[in-house]
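Undergrad: The primary structure of each chain is shown beneath.
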Amino acid sequence: MIETFFGLGQLDSPAGYFAALVLGLCFGFCLERAGFGSSRRLAGIFYFTDMAVLKVMFSAMITAMLGLAYCLALGWIEPGSLYFMPTVYGAQVVGGLLFGVGFVMSGWCPGTGAVGAASGKLDALVFLGGALVGSILFNKLFPVIKPLYAWGESGVLFVYDSLGASKPAFVLVLTVVAVGCFWGAEAVEKKRVGGGHYLNSPFLKTFSAVLVFLAAALFILPSAPGNLAGASAGESGAGRAGAALPARETSLLQQIESAGDHMDPVELADRLMSGEQGLQVIDLRTPDEFKAFHIRGAVNVPLSQLPDYLAPTRNEGIVVLYSNGMTHPAQARDALSRLGFENVYILTDGLQGFMDACLKPASLRSEPLPAEMVSRIDRWRRYFTSPAETAKAGAETLPPLPAVPLPGIIPTDWLGENLGKNGIRVIDVRSQPEYNTAHIPGSIYLSVDSFRGVVGGLPSMLLPAEMLALHLSHMGITPSDLVVVVPGGDKTQDATLVGMAFERLGHKRYEILGGGFGKWVAEKRPLDNRLPQITPSHYPPVGNSDTFTVDYRAVLKVVREGGGIILDVRPADYFSGKKSDEARGGHIPGAINRPFTEDIRKNESFSAFKPVDELAAAYEKLIPTKATKVIVHCRTGHQASQTFFVLKNLLGYTHVLYYDAGWTEWAARPELPVK
Amino acid sequence: MKKNPLNGENMNPYLAGVLLGCTLLASFLVLGAGLGASGGLARFAAALEGFVAPGHTLSSEYFGRWGAHPLHYYLVFMLLGTFAGGFFSALQANRLSIQVEKGLKASPRLRLGLALAGGILVGFASRLAQGCTSGQALTGGAMLLTGSMVFLVCVFAGGYAAAHLVRRQWND
Chain L
4 MIETFFGLGQ LDSPAGYFAA LVLGLCFGFC LERAGFGSSR RLAGIFYFTD MAVLKVMFSA
64 MITAMLGLAY CLALGWIEPG SLYFMPTVYG AQVVGGLLFG VGFVMSGWCP GTGAVGAASG
124 KLDALVFLGG ALVGSILFNK LFPVIKPLYA WGESGVLFVY DSLGASKPAF VLVLTVVAVG
184 CFWGAEAVEK KRVGGGHYLN SPFLKTFSAV LVFLAAALFI LPSAPGNLAG ASAGESGAGR
244 AGAALPARET SLLQQIESAG DHMDPVELAD RLMSGEQGLQ VIDLRTPDEF KAFHIRGAVN
304 VPLSQLPDYL APTRNEGIVV LYSNGMTHPA QARDALSRLG FENVYILTDG LQGFMDACLK
364 PASLRSEPLP AEMVSRIDRW RRYFTSPAET AKAGAETLPP LPAVPLPGII PTDWLGENLG
424 KNGIRVIDVR SQPEYNTAHI PGSIYLSVDS FRGVVGGLPS MLLPAEMLAL HLSHMGITPS
484 DLVVVVPGGD KTQDATLVGM AFERLGHKRY EILGGGFGKW VAEKRPLDNR LPQITPSHYP
544 PVGNSDTFTV DYRAVLKVVR EGGGIILDVR PADYFSGKKS DEARGGHIPG AINRPFTEDI
604 RKNESFSAFK PVDELAAAYE KLIPTKATKV IVHCRTGHQA SQTFFVLKNL LGYTHVLYYD
664 AGWTEWAARP ELPVK
Chain F
1104 MKKNPLNGEN MNPYLAGVLL GCTLLASFLV LGAGLGASGG LARFAAALEG FVAPGHTLSS
1164 EYFGRWGAHP LHYYLVFMLL GTFAGGFFSA LQANRLSIQV EKGLKASPRL RLGLALAGGI
1224 LVGFASRLAQ GCTSGQALTG GAMLLTGSMV FLVCVFAGGY AAAHLVRRQW ND
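As you go down the protein sequences, you meet chains L and F in turn.
Just so we're aligned, residue 4 is where the first sequence starts under this note's numbering, counting upward by one.
Just so we're aligned, residue 1104 is where the second sequence starts under this note's numbering, counting upward by one.
Please keep in mind that the hints were generated in silico from the structure rather than gathered at the bench.
Quantities reported herein were computed from a predicted structural model and do not represent experimental measurements.
It cannot be assumed that every hint is accurate.
[Said to hold, decoys possible] Stretches of chain L that chain F covers, calculated by requiring three or more beta carbons in the stretch to come under 8 Å of a beta carbon on chain F:
(1) 11 to 23
(2) 62 to 69
(3) 96 to 103
(4) 201 to 207
[To be verified] Just a sample of chain L residues kept apart from chain F, beta carbon distances all over 10 Å, derived:
(5) Val129
(6) Tyr152
(7) Asp311
(8) Asp337
(9) Glu469
Note that beta-carbon positions come from the ideal geometry of N, C-alpha and C, so glycine has one too.
Build the full structure now, drawing on both the sequences and the hints.
TA: What follows is the structure, encoded as structure tokens:
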């Protein structure tokens, strides 16, 4: 097993410098020998006069690729000892295009420019001066172009995975393509400038055959590692070293299986408070989110810079990663593990988990707590929400947590007290004329219809998470914001539909204003008719938080096999089939009807949800237990969002599902049964 | 075949490529990282800026990450080696000569102007893409990394798109 300087964390040591110097010598020598000390020759590829760049570069790439593939397959080197560069699609596309233009203008690239300058080319010297200026320019512009630098950040990606091919198959195809290019290049040279000396030569034929043979042999290699790998003892216990997983991958998978890569929020809180040396907590969210709130002691590092950031303290102490969800930290941890970082953990349930487990005040917790736990929570809250820390981070205050569950219904007096505070955002879902006339100061207008559209041919579907995240970004909302949604009149379902968007994004910090705009006005609270100033944010489209939306197949399964309740929340006349504005009238067989309007009480000046006890008593009669599977639906998913909110967030039903396509789809599919 | 003395003595490009590939492979196996040139160059840029305005460079977001000694980095030494290796090879092949390489009909000013402008673009783009033809395209290509392949394709796309506009510098 070969240990590399990178693997040992000694790339930047005197021995590493010496090795780099020697390799640089060979590199420079090869480039000059290939004739790359001449810009004219390099530029030749762009005018089809001299294809040397293609021949040399492809030969080199294929040679190193095959060599590395063999070394990996034979277990001579572990992937963990190699530095793999992350893929950043946007930056690499834009960077590549700009680079290409600069390359053809100057006739040089950095490596060949150095060789050219060393052999006396003044244009190469000028080029290198320009490249220094360009680097400095990049540094100067970095604050502005940072989004581009990280645009399309995807971690370490292998091209065969991206294309869904196997590694040996891709290697073979690439080798054949390269050989094809060699022959093509010779033919082009012959035609254009009378060159192409190697076309049909015995040399090129042999060379091509050897490369293709070596590439093809990779297919059979993993089946016989024992005799080829020789006496490599110990680690090669993974057996089929090549095709099967290298030892490091296997241990990574084992760790993932046993959740040995997780750190519990409570454990993290205690270890941070004890001031443990060598414990690094890294926040992977955006700088804005970090600024708004972060775990005390955490540092903000963008994903792409993580390996560089951690390299100096490689495998020393413990590193804990967190973000809003678990996806990014988990991907980062896996990538780091492949890069040889073995001390990286992810925070269980992310920042939200930390909030819920450690920072949620004891008074707001539904479960009874022993006194000892209550005092621990108080200690955590004092330590992690102390004003000193948040002030240092540049934020005014932590978004105050309301004394009601999240998500839920928030009273107008709470909003009145906390309006305008950092991290609190108000969304008004009334009609635009109503909003324009007067609204709660600072609130943002939102037409709920902009959250719905045609998805897969079905009308009025809640949009996919990425599109919802984009909408929220334009509204300047971040995942750490506490969002209060304000309905108007008796249209509570408009607010709950916005709530469904937050549910889909896994954004738990949202509330519906109790009594809506009507109650706010009735209480003579402040109003405004100016439009708010919005700075767009970056709302990351967090992975798969939507585990509740179901399609007709899931509903049909309940119809046929039972095991749940189908709750149709449309008005009774539509349920019975007396009225219909769809392909067919009636309802899904076995469904029960509880019109959504039953959950709302109209007062003189506003409408509001009925008291929770009253709602609980009503639904107890319809649904046997809180854990029963309930599928709610209406015609388009609008009214059903309200019942969903009531069941899940107000009454604590744990298995509520949402048939968004609803009666519109069911009625239009003649094969589905109707009653 | 002695028209252009630079061309005449070049090595078989395929064998030169294999030699270069072996160097790259050696770099993988010894360093654990591939070859690179722009990274070293950027370190020199940071050192240069740091020499002129030390406080400013350290507090800047990008160069600042490299600390007070940006030259303490393996790619800086690799770049020095590349210079030296190129020099030895050119010396041995009798190709050392001070000149501006250009087409016969093109003025040195045009050629040097384009070299400078191209250099600025290349320096900027290598930072953006986190590598150049060596560190990103060749190294990452041999490692079969998606981003590096994308970069390689885009380099040629950009080059061919602009080739016609700057061809005058090579007119004979």
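Undergrad: Confirm or reject each hint.
TA: Now the hints, each set against the structure:
1. 11 to 23: Three-residue rule met by the segment 11 to 23 of chain L, so holds; n is 7.
2. 62 to 69: Held - the segment 62 to 69 of chain L has 7 residues with a Cβ nearer than 8 Å to chain F, which meets the minimum of three.
3. 96 to 103: Answer holds; 8 residues pass the 8 Å Cβ test.
4. 201 to 207: Since 3 is at least three, the answer is holds.
5. Val129: At roughly 5 Å from the nearest Cβ of chain F, Val129 of chain L sits no farther out than 10 Å, so the non-interface label is violated.
6. Tyr152: Its Cβ does come within 10 Å of chain F, the nearest being 6 Å, so this is violated.
7. Asp311: Label violated. Min Cβ-Cβ 7 Å, cutoff 10 Å.
8. Asp337: 16 Å, holds
9. Glu469: 20 Å, holds
When the structure is compared with the earlier hints, violations turn up for hints 5, 6 and 7 and for no others.
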